[in-house]
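There are 2 protein chains.
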Amino acid sequence: VVISDIKTPVLLLDEAKCRRNIQVMAEKAGKYNLHFRPHFKTHQSAIIAEWFREEGTTAITVSSVRMAKYFANHGWNDITIAFPVNLREMEGINQLASEINLNLLLGSEDITDHLTDQLKTETSVFIEIDTGARRSGIQHNDIKIIECIIDAIRKSPLLNLSGFLTHAGHTYHASNKNDVLQIHQESLLQMHKLKTYFATEKPMISIGDTPSCTISDDFDGADEIRPGNFVFYDLMQARIGSCRHEQIAVALACPVVAKYPGRSEIIIYGGAVHFSKDSMPLNGEKNCYGRIAFLNGEGWNILPDNNMVIALSQEHGVVKMQERFMKQIAVGDLLAVLPVHSCLTAHQMGSYLTLDKRVIHMMDSKPGV
Amino acid sequence: VVISDIKTPVLLLDEAKCRRNIQVMAEKAGKYNLHFRPHFKTHQSAIIAEWFREEGTTAITVSSVRMAKYFANHGWNDITIAFPVNLREMEGINQLASEINLNLLLGSEDITDHLTDQLKTETSVFIEIDTGARRSGIQHNDIKIIECIIDAIRKSPLLNLSGFLTHAGHTYHASNKNDVLQIHQESLLQMHKLKTYFATEKPMISIGDTPSCTISDDFDGADEIRPGNFVFYDLMQARIGSCRHEQIAVALACPVVAKYPGRSEIIIYGGAVHFSKDSMPLNGEKNCYGRIAFLNGEGWNILPDNNMVIALSQEHGVVKMQERFMKQIAVGDLLAVLPVHSCLTAHQMGSYLTLDKRVIHMMDSKPGV
Chain A
363 VVISDIKTPV
373 LLLDEAKCRR
383 NIQVMAEKAG
393 KYNLHFRPHF
403 KTHQSAIIAE
413 WFREEGTTAI
423 TVSSVRMAKY
433 FANHGWNDIT
443 IAFPVNLREM
453 EGINQLASEI
463 NLNLLLGSED
473 ITDHLTDQLK
483 TETSVFIEID
493 TGARRSGIQH
503 NDIKIIECII
513 DAIRKSPLLN
523 LSGFLTHAGH
533 TYHASNKNDV
543 LQIHQESLLQ
553 MHKLKTYFAT
563 EKPMISIGDT
573 PSCTISDDFD
583 GADEIRPGNF
593 VFYDLMQARI
603 GSCRHEQIAV
613 ALACPVVAKY
623 PGRSEIIIYG
633 GAVHFSKDSM
643 PLNGEKNCYG
653 RIAFLNGEGW
663 NILPDNNMVI
673 ALSQEHGVVK
683 MQERFMKQIA
693 VGDLLAVLPV
703 HSCLTAHQMG
713 SYLTLDKRVI
723 HMMDSKPGV
Chain B
363 VVISDIKTPV
373 LLLDEAKCRR
383 NIQVMAEKAG
393 KYNLHFRPHF
403 KTHQSAIIAE
413 WFREEGTTAI
423 TVSSVRMAKY
433 FANHGWNDIT
443 IAFPVNLREM
453 EGINQLASEI
463 NLNLLLGSED
473 ITDHLTDQLK
483 TETSVFIEID
493 TGARRSGIQH
503 NDIKIIECII
513 DAIRKSPLLN
523 LSGFLTHAGH
533 TYHASNKNDV
543 LQIHQESLLQ
553 MHKLKTYFAT
563 EKPMISIGDT
573 PSCTISDDFD
583 GADEIRPGNF
593 VFYDLMQARI
603 GSCRHEQIAV
613 ALACPVVAKY
623 PGRSEIIIYG
633 GAVHFSKDSM
643 PLNGEKNCYG
653 RIAFLNGEGW
663 NILPDNNMVI
673 ALSQEHGVVK
683 MQERFMKQIA
693 VGDLLAVLPV
703 HSCLTAHQMG
713 SYLTLDKRVI
723 HMMDSKPGV
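The listed protein sequences correspond, in order, to chains A and B. In the working numbering, each residue carries its 1-based index in the first sequence increased by 362. In the working numbering, each residue carries its 1-based index in the second sequence increased by 362.
It should be emphasised that the hints constitute simulated quantities derived from the structure, not laboratory data. Quick caveat: nothing in here was measured; it's all calculated off a predicted structure. Hints should not be assumed to be uniformly reliable.
Copies of the same chain look alike in the list, so a pair counts if it fits in one copy or across any two.
[What the hints assert, rightly or not] List of simulated lysine-lysine pairs, DSS-like, C-alpha gap at most 30 Å:
(1) K539 <-> K393
(2) K689 <-> K506
(3) K431 <-> K689
(4) K379 <-> K482
(5) K431 <-> K719
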């Protein structure tokens with residue numbers, strides 16, 4: 363498939379940028395003596411997974427049992443499902459646990475007994491700690507509950523405690539590097555305290571959001587990192603300060619379907635079903651859904667930040683564009699759009715087209731019955 | 363598939379409510395002597411399409427060439443693609459135009475010549491009018507441009523003018539019925555003026571957003587309506603006043619994976635990849651992503667409006683829940699969640715499970731290369 367022949371929105375992947383992002387993070391993990399267990403929910407692709415393998419990656423993180431099965435089928439045998447154990451999927455979990463080194467998450471007190479009852483194979487577990495993201499996990503200072511869970515793990519013949527795991531996802535709401543560093547330091551300190559308090563358990567400390575892993579140079583007390591988004595990065599990461607725009611490895615190629623010079627707007631074929639609907643404030647606009655770039659045969663050139671997608675409906679994208687750029691575009695042309703949140707955009711699209719014209723498929727990620 | 367056996371998030375469909383929604387709208391169109399051309403982008407399913415056929419529907423609206431092909435393959439031979447003509451898909455458009463009665467949209471001045479050059483079969487076209495939604499379409503008062511387009515259509519041997527079409531999508535931002543009625547009246551008046559001004563063309567006037575079509579009883583000057591969302595409705599429509607909560611025909615069944623009574627929150631397996639990310643303000647929360655209901659064997663009972671999804675990440679949903687309801691729920695149970703925007707949630711899910719245990723598939727809507 364040649365880019366110029368694209369008929370409908372297609373997610374372009376710059377393999378060189380992507381491989382470089384992987385290499386830099388893998389080297390950083392090595393430099394700080396951290397076990398590297400990247401999250402594969404961003405790319406969801408066995409082909410891109412091989413690019414990680416080439417950099418020495420052997421252990422991975424996923425966000426669902428289905429994703430664990432997909433990567434297990436592609437030769438990955440050390441997988442952490444970084445999502446609270448879903449008791450309704452015990453059949454799949456037991457199957458996986460019998461085949462690979464599977465790590466599960468205990469994120470609340472009540473799950474441990476159920477798991478002990480329903481598990482059929484020896485399995486490693488992390489206790490998930492909430493260091494402020496307020497998603498899943500035990501409050502970092504809820505020592506009593508953590509002790510209860512550890513006690514239950516000790517009593518269970520099948521559960522082995524790997525350690526404590528956190529996702530400081532609140533770094534995604536940061537608007538600069540200092541905020542990220544502060545959240546990261548607090549989170550790290552809380553995890554360090556747990557490591558010390560429960561020293562007899564020799565717990566591994568697993569952390570890992572892309573902003574912290576990219577920006578920080580202090581991982582004191584951490585044993586493992588699990589970033590995911592860095593494989594592509596996106597506008598949100600650039601805004602936070604995790605990457606430069608030049609490092610963003612994916613862009614959605616969208617046909618121009620209408621031009622309104624009078625209102626300085628263009629309509630592209632590219633909507634919520636392609637981008638998903640994450641947005642961020644940019645240059646006076648409350649909701650930017652993507653920044654515009656021109657395709658140049660070897661990739662894309664990003665336009666100034668007052669050229670952006672300002673509204674999305676199911677299939678339409680409304681693009682605000684400066685006159686000097688609008689003049690260069692005709693109905694039927696393609697624009698590239700850098701996504702606000704590459705994980706969700708990739709999930710929506712289901713496949714990639716590399717700049718050298720190869721189609722890369724993702725796992726079949728449509729949920730359904 | 364039995365609901366109680368669900369392992370991962372599944373979109374439940376109450377067929378009786380859905381059929382009733384279809385029936386009421388079809389009857390309303392009949393009562394006002396309006397041609398009924400419902401938008402099928404909400405359900406994207408050949409099975410649900412048949413429920414429309416049983417109510418006498420023969421003409422439909424879709425939002426992409428791919429969707430038009432899907433429904434044409436399922437016996438629908440009068441289809442309007444309510445999206446600006448995408449010149450990159452002329453091959454598919456020509457194919458469809460040779461097989462069925464296809465209506466295309468001219469949404470900007472520059473498209474007409476291109477279409478004339480590339481079209482191979484006689485085809486009907488609507489001129490898309492912007493009555494304030496600021497998405498695609500010619501400004502309703504831009505008479506000169508409209509005249510130019512009509513002139514080009516007259517000169518083209520293959521283009522036949524059907525009339526003027528608008529989507530007053532700004533009703534979706536209304537917060538009550540009066541706002542909807544005001545937007546609808548303005549939009550209708552603008553279309554009526556065009557009908558009068560271009561009377562010699564005998565233009566059909568096609569309108570049709572769900573809020574206007576549901577709430578209004580004045581369609582003076584309109585010939586056709588194209589609502590779509592009403593087939594399921596959702597929380598956004600209930601908020602606007604288009605429906606009662608009892609009319610909402612879909613709910614996402616989500617496993618409970620963690621319980622945090624201390625913070626009055628539950629974590630469900632159900633995230634952005636299942637719901638998409640549309641939100642609305644509700645009961646003091648800036649972003650509500652869904653309201654919680656209990657499954658009751660025959661459907662669901664909605665809980666008070668302070669029980670809702672307040673945050674979504676890729677797979678996690680964070681649910682705020684009152685203590686008295688939280689007590690009734692254990693890890694491993696299922697909750698039902700009424701979606702904020704049913705079109706996007708259905709698109710994400712790809713299939714439905716009816717309350718009487720039938721699986722209904724949608725078209726394969728994953729974009730991709």
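Now for the hints, and whether the structure bears them out:
In this assembly of identical chains, K539 and K393 lie within 30 Å of each other by CA distance solely inside one copy; the values are 21 Å within and 61 Å between copies. Taking identical chains as interchangeable, the C-alpha atoms of K689 and K506 lie at most 30 Å apart only when they sit on different chains, with a minimum of 21 Å there against 65 Å within one chain. Taking CA atoms no more than 30 Å apart as the test, K431 paired with K689 passes in neither setting, with 49 Å inside one copy and 34 Å between copies. Within a single copy, K379 and K482 get their C-alpha atoms no closer than 43 Å, and across copies no closer than 43 Å, so neither meets the 30 Å cut-off.
For the identical chains of this complex, K431 and K719 are neighbours both inside a copy (28 Å) and across copies (26 Å), given an alpha-carbon limit of 30 Å.
Going through the hint list in order, the structure does not satisfy hints 3 and 4.
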